Amino acid sequence: MSTGLRIVEREEGGRAQSSEHGGEMSAGSNSVSLPPPHIRFVEFAAKVFLPAGYPASVSPDYLRYQIFNALQAFCSSLAGLLSSRALLEGFGVGKADASATHALLLTVLQDFFSRVTTICAAYVVGPSLSPEAKTFRLLADVSNDAAIVLDTLSPLFISSALLPLRLPGLRVAALCLSGALRALCGIAAGGSKAALTVHFATPTAGAGDIGDLNAKDSSKETVLALLGMLAGSLIVPYLTTPSATYSVLFGLVGLHLALNYLGIRGVVLRSLNRQRMSIAWDTYRETSNSKFLSPSEVSDLERIFERPGVLRELRTNSVAGRCTIGSSLNQVLRGGIIPFALLDQMKEENYVLWFDRGSLSSRLGGADELRAGAVHLHICLKEGNSAVDQLKAWAHAVEVGRMLLIQQRASFPRPAPAELILAAHRRVEPLFPDFLQGLRNVGWNTADAALLPGSPRALIVSIEPTDLEPETNFEDKKEK
0 MSTGLRIVER EEGGRAQSSE HGGEMSAGSN SVSLPPPHIR FVEFAAKVFL
50 PAGYPASVSP DYLRYQIFNA LQAFCSSLAG LLSSRALLEG FGVGKADASA
100 THALLLTVLQ DFFSRVTTIC AAYVVGPSLS PEAKTFRLLA DVSNDAAIVL
150 DTLSPLFISS ALLPLRLPGL RVAALCLSGA LRALCGIAAG GSKAALTVHF
200 ATPTAGAGDI GDLNAKDSSK ETVLALLGML AGSLIVPYLT TPSATYSVLF
250 GLVGLHLALN YLGIRGVVLR SLNRQRMSIA WDTYRETSNS KFLSPSEVSD
300 LERIFERPGV LRELRTNSVA GRCTIGSSLN QVLRGGIIPF ALLDQMKEEN
350 YVLWFDRGSL SSRLGGADEL RAGAVHLHIC LKEGNSAVDQ LKAWAHAVEV
400 GRMLLIQQRA SFPRPAPAEL ILAAHRRVEP LFPDFLQGLR NVGWNTADAA
450 LLPGSPRALI VSIEPTDLEP ETNFEDKKEK
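All residue numbers for the sequence shown refer to numbering that gives the first Met the number 0, where the first residue is 0 and numbers rise by one.
Derived from the structure by calculation, the hints contain no laboratory data. Small disclaimer: the values here were computed from a predicted structure and weren't measured. Some hints here could point you the wrong way.
[To be verified] Below, computed lysine-lysine pairings styled on DSSO-like, alpha-carbon distance capped at 27 Å:
1. 215 with 46
2. 192 with 46
3. 219 with 46
Take the sequences, apply the hints, and build the full model.
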């Protein structure tokens with residue numbers, strides 16, 4: 000008969016641990032195999048700075064991003080100390096003729112521009128922060144580094160020894176611009192970081208804890224900022240000349256941006272935004288075996304800074320035009336010929352795809368034709384549309400761009416706008432279900448599309464014919 004018990008458990012970090020219990024005289028005693036001290040220290044540090052359940056509770060790209068994020072935060076802390084010293088010099092610290100009131104007014108002016116920029120930036124870029132998280136995360140660091148450089152250079156504008164003319168007004172402008180750039184950094188970093196946090200807290204299997212992940216990230220940032228300040232306190236006193244200061248500054252800024260780029264480049268988002276959807280569909284149509292690109296493969300191909308909604312052919316890098324999703328059909332059709340045949344044949348779809356008025360020109364017969372050059376497409380969504388409808392609409396727009404580029408290379412005349420869109424729809428319709436299932440099989444999240452920045456400008460409730468003649472446009476209707 001057994002008198003002991005051996006228990007094997009797997010801890011939250013994934014390490015297996017065994018313990019033995021038993022013996023007639025020691026019912027409560029146990030023998031536990033403990034790891035060496037250095038292993039226990041590493042495990043303790045992991046519990047302090049990494050989310051509970053790591054690595055099973057985070058996405059696979061979390062650790063790589065955090066390593067580069069830690070290094071860039073350290074560089075940013077050092078550069079920030081140089082900026083702070085220069086900013087104090089610009090306010091007149093250490094000068095007998097310096098005025099506290101003057102420094103206060105400069106601070107108020109800088110803060111004014113910062114707050115105005117915060118309001119404007121939130122209005123302009125707010126809806127795009129989540130779909131384009133990688134772009135705005137890097138843009139935030141570029142803005143912050145530009146502000147650091149401006150602050151560090153600001154004393155030059157009042158130093159006659161370094162410039163032939165004293166330019167105090169330029170110094171004030173530089174300080175105001177740096178405040179605005181820091182505000183832009185705050186908006187871009189805050190929104191994009193929230194989107195990245197949601198991504199990191201969604202592992203390929205299971206679920207993570209966003210609250211715990213945020214708390215651990217704040218803990219790491221606090222330690223790194225402290226280490227950066229301590230290192231800067233040792234280095235800054237030795238930077239006594241402008242040449243030494245600016246050499247170290249630009250070196251730190253360059254290293255900071257490089258580390259940020261490498262960190263962002265390694266993030267593998269599994270939601271489909273406009274650029275990633277374009278890459279996935281274009282590759283699917285270009286390859287003979289209809290290849291489905293995984294999120295990591297698309298991440299290697301996507302551009303960090305790309306024009307929003309651009310329709311780019313991946314193989315040749317040619318641009319067919321751009322597409323706007325969520326447009327108002329009333330605005331798109333205003334002043335143009337109504338495509339009755341197109342609207343009738345696409346009535347079963349939850350979207351309408353049509354060209355911008357600037358891409359069309361009217362012929363003598365009353366029909367529209369495509370202008371030469373890049374086109375501008377609009378996706379107008381219907382009420383009750385889903386993420387799958389948005390993905391299909393974008394694939395339709397990319398297919399229109401592909402057909403235009405193919406016809407352009409073959410020197411074919413451009414077809415009628417409605418015929419082109421319907422021909423592209425006939426190609427997309429039978430292929431899209433297989434394409435969508437293939438994306439799901441390789442790890443894409445198709446339930447939550449990231450194509451639409453914010454909310455659509457309008458949703459189509461119904462499209463009903465009236466007694467107007469087909470040649471009559473909206474302007475004629477107003478005249479009647």
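Tested hints:
no., hint, in the structure
1, 215 with 46, "holds, 9 Å"
2, 192 with 46, "holds, 22 Å"
3, 219 with 46, "holds, 12 Å"
The structure shown violates none of the earlier numbered hints.
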